[in-house]
Amino acid sequence: SQTIHQWPATLVQPVGSPLSLECTVEGTSNPNLYWYRQAAGRGLQLLFYSVGIGQISSEVPQNLSASRPQDRQFILSSKKLLLSDSGFYLCAWSAAGNTEAFFGQGTRLTVV
Amino acid sequence: QKEVEQNSGPLSVPEGAIASLNCTYSDRGSQSFFWYRQYSGKSPELIMSIYSNGDKEDGRFTAQLNKASQYVSLLIRDSQPSDSATYLCAVPYSGGGADGLTFGKGTHLIIQP
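As given, the protein sequences belong to chains C and P, one line each in that order. Count the first sequence with the working numbering and you get residues -17 to 94, in order. Count the second sequence with the working numbering and you get residues 2 to 114, in order.
Keep in mind that the hints were calculated from the coordinates and are not lab data. Be a bit skeptical, because a hint or two may be false.
Unchecked claim - In the SDA-like style, the derived pairs of lysine to any residue whose C-alpha atoms are separated by at most 25 Å in a straight line are:
no. : chain 1 : residue 1 : chain 2 : residue 2
1   : P       : K106      : C       : D67
2   : P       : K57       : C       : F84
3   : P       : K106      : C       : S(-1)
4   : P       : K106      : C       : K61
5   : P       : K68       : P       : E16
6   : P       : K43       : C       : I35
7   : P       : K43       : C       : G23
8   : P       : K43       : C       : Q37
9   : P       : K3        : P       : S74
10  : P       : K3        : P       : G60
11  : C       : K61       : C       : S(-1)
12  : P       : K3        : C       : S32
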């Protein structure tokens, strides 16, 4: 069966520090991969999606970036965090050609 | 830009009753519809998918789709305190689905023992 791993679960970072969140998927090949953010009191916002290695599409302009160095690995990064980057970051995957998406455990990021 | 609208609640339902959650969507061309359950502090969990008009039942859950009215609902029968959560409605950004889902803001459901 397929599983998705996301870490760390919680993170407290100072303003201006870098960020790297990692997500890996097991049990499937060539998945579609996604990064979402859920800010307090707001809905889920799609940040990035990827349909293959090195292929990244951004939905929202911001100081975040994403990379997909391997088929089942998706990384969310920032060079300098802002207070407004605080939120619950969720990685998700779907099978190619399928619209059902499955989420990882999430990372709760607090920028102080 | 596709929009998905849900009543934020809270929706309070006594234990054992039927909870009815509603969702409307803006894009008449949407073909896939999903319900996710999200417990406080946790990630969303897919509980129902529906693709055709009518009802789809899975255990205590029934999803209902009316494409003409652009309306999808989720019924939870014999509600349990463990059903207390936020329920998110979602549709794909595009037909293929590779570019992700757009979510409603969710309905907070409280099951009263």
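Going through the hints against the structure:
1. K106(P) / D67(C): Holds. K106(P) to D67(C) sits at ~19 Å (cutoff 25 Å).
2. K57(P) / F84(C): holds (20 Å)
3. K106(P) / S(-1)(C): violated (30 Å)
4. K106(P) / K61(C): Distance ~29 Å between K106(P) and K61(C) Cα, so the pair is violated.
5. K68(P) / E16(P): With a Cα-Cα distance of about 31 Å, the restraint between K68(P) and E16(P) is violated, given a limit of 25 Å.
6. K43(P) / I35(C): Judged against 25 Å, a Cα distance of about 28 Å means the pair is violated.
7. K43(P) / G23(C): holds (14 Å)
8. K43(P) / Q37(C): Violated. K43(P) to Q37(C) sits at ~28 Å, over the 25 Å cutoff.
9. K3(P) / S74(P): The hint holds at about 18 Å.
10. K3(P) / G60(P): Violated, at about 30 Å.
11. K61(C) / S(-1)(C): holds (7 Å)
12. K3(P) / S32(C): holds (20 Å)
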